[in-house]
Amino acid sequence: MSDVLPNNSIQALDPELWQRGVVESVASLKHKPGALLPILHAVQGVIGYIPSDAIEYIAKALNQTAAEIYGVVSFYHQFHTAPGGANQVEICRAEACQAMGSRQLEAHAKASLGVDYHQTTSDREIRLEPVYCLGNCACAPSVRINDKIYARVTPERFDRLMDDVRTVRVEVK
Amino acid sequence: MIKVFVPQDTTSKALGADDVAMAIDAYAEQHGVDIQLIRNGSRGMFWLETLVEVETQTGRVAYGPVMPEDIEALLAADLLSGSDQSPLYLGDTESIPYLAKQQRFSFARAGIDDPLSLPYYCASGGYEGLTKALTMSGQAIVDEVKQSGLRGRGGAAFPTGIKWQTVHDVAADPGQTKYIVCNADEGDSGTFADRLAMEADPYQLIEGMTIAGLAVGAECGYIYLRSEYPEAHRILNEAVMRAERAGYLGDNILNSGKRFVLEVRLAAKSYVCGEETALLESLEGKRGMVRVKPPLPAIKGLWGQPTVVNNVLTLAAVPFIVREGAQAYADVGYGRSRGTLPFQLAGNIKRGGVVELGFGVTLRELMQDFGGGTFSGRPMRAVQVGGPLGAYLPESQWDTPMDYESFAAEQAVLGHGGIVVFDDTVDMSEQARFSMEFCVEESCGKCTPCRIGSTRGVEVIDRIRANESRDENIALLEDLCETMVDGSLCAMGGMTPFPVMSALRHFGEDFERGEV
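One line per chain: the protein sequences are A and B, in this order.
Per our numbering: the first sequence = residues 1 to 173.
Per our numbering: the second sequence = residues 1 to 516.
Simulated from the structure, these hints should not be mistaken for lab results.
Ranges between beta-carbon positions, derived for each pair:
hint, chain 1, residue 1, chain 2, residue 2, range
1, B, Met67, A, Arg124, 26 to 36 Å
2, A, Ser74, B, Cys122, 40 to 50 Å
3, B, Ala76, A, Ser74, 50 to 60 Å
4, B, Ile452, A, His31, 36 to 46 Å
5, A, Val168, B, Lys350, 29 to 39 Å
6, B, Thr58, A, Glu156, 38 to 48 Å
7, B, Glu472, A, Ser28, 54 to 64 Å
8, B, Gly247, A, Arg160, 45 to 55 Å
9, A, Ser74, B, Asp251, 37 to 47 Å
10, A, Thr167, B, Met67, 13 to 23 Å
11, B, Thr56, A, Val168, 34 to 44 Å
Here are the computed lysine to aspartate or glutamate pairs in the EDC-like style, where the Cα-Cα straight-line distance is at most 20 Å:
hint, chain 1, residue 1, chain 2, residue 2
12, B, Lys269, A, Glu129
13, B, Lys300, B, Glu219
14, B, Lys446, B, Asp486
15, A, Lys32, B, Glu244
16, B, Lys3, B, Glu29
17, B, Lys269, A, Glu68
18, A, Lys110, B, Glu437
19, A, Lys148, B, Asp18
20, A, Lys110, A, Asp164
21, A, Lys32, B, Glu284
22, B, Lys269, A, Asp147
23, A, Lys32, B, Asp251
24, B, Lys258, B, Glu244
25, A, Lys30, B, Glu263
26, B, Lys269, A, Asp116
27, A, Lys148, B, Asp19
28, A, Lys32, B, Glu219
29, B, Lys286, A, Glu68
30, A, Lys60, B, Glu284
31, A, Lys32, B, Glu263
Using N, Cα and C, we set each Cβ at its ideal position, and we do this for glycine too.
Required output: the full structure, derived from the provided sequences and hints.
So this is what it looks like as structure tokens:
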């Protein structure tokens, strides 16, 4: 495992987060048939990614091998094995958005944030991800920021949204 | 008290509906006006969102598209009494031609009230189908669905009644149950009818699944919902909880002694999991790898038990069919495509949204009469119908009637009814390349032609675009596409060539832009 996975153990680093994000998630969901995806969603929902020790822990709880769990984690675009930014920004790359200029939008986003897809800005605020359709295709191009979706996003609007994301974050602190 | 309606679906919210709602609330409070603000579902006229409606003595009047910054002027122009003194005034909502010209079966309730209101759902014919189904035998329900002519709305258009019959006739293993799985992994670009059905009328889907359970003898259902739909997730979870509390789901449905439980399961951003067998693998907690058929899911599906896997709109059509009778549904349609299909106008289109009509309308009628041409105002050039695996259609094919067989005859697919319009700035060789690139991203990896062929496809298209040994590379691309069509287990590899070859066939000039 250590060859494939970055060592992102959190149990020793943050026992409280481990308890809440991994131990409790697994305990509350492992009885469900086909529990793995619900567990992974729950873990990532709390921690932001799937730590390497969580993979081992989930494997034991579900009586599977860590390789099987990692196989599932790596199959789905949803799941990350390394920490990202405080916010996730997803740009729709699918056809309806392409018809409304999403190729220009993604080029602009990458340039203005200084990152490529699957990367996080140097201030750790924004992880940029592609997404293939947000179901908002009548009012494209679409962007998702955490759990909110935005319609008709021009490059200028994108910049304003990114400013807002960072400002709100600072205020919370 | 004045009733004011502000939608809460994804698109309205993406266009600022929450801010609009807040501004109206604040104004009412400040001016002491007694209003009831209802967050309804959307009517599906997304080009008019945020569509604010006000109930007047003569019916509901609409204003749209309302931007948060318009709201002050609108309220000053006496929006709350339904005044027509605003450029955003649209008059009687249901007389708006876009809506008035539709045949709304599955979307009859969309946008009228709070989608989570069970009293409204029941007052508008909701759960009449289930009540009737509880008095019928499973076979009688299956027969009704067969006679309606309903075909799977996910794209494959398989007759629903036949699928249900198979599941009805096969027994689950001892101590196990059969399953109803709703495929809500609506991954096709340009489609959002499932999303609207779930966000604007969730109980209709829940009722349809419950009836399906009674029909085939399944006690457990899953809605496999894409994680890209956070609003639908919230609404469905709440609806399932309320339906349980009211006795429409659970161990003893409406005191009938019948059991049906339902759970919403979140997918994880994988397009191929919209394929039914990959979906089942994913539900079981595995990688979304496509299974070899046979055995069909109807015989060995989820955890090896007989399973109905149907699209959202297929299941959502069932309450109407059981309530109104199969004939009422079959009376509408075209050829072997019976009933209605919610077409979805998307991409570069002036008036995008959901248009539910009987099969047989032409693409041109939809794009011109409903869509009103492109958003950019430039001429339309290409239209992709049926999602990322659907063909691109040039203008010469726009008079094809929208039904499954007519589209198949044009080497195109109707799929889930998504229509993505491109104007004349599109580079079709870039679109063809993207189709292959998308297959690289989303292939489950099981079949070589799909897994490797898509990567080779991107490369060969790049060489054609760069004008490198053009004729040889075009022949190679055609060969590759043929191999993918013939050698892939599922539609991912098997249909990726459709958009690629249609782009090459109908827009060949775009592949000749590179320097010679």
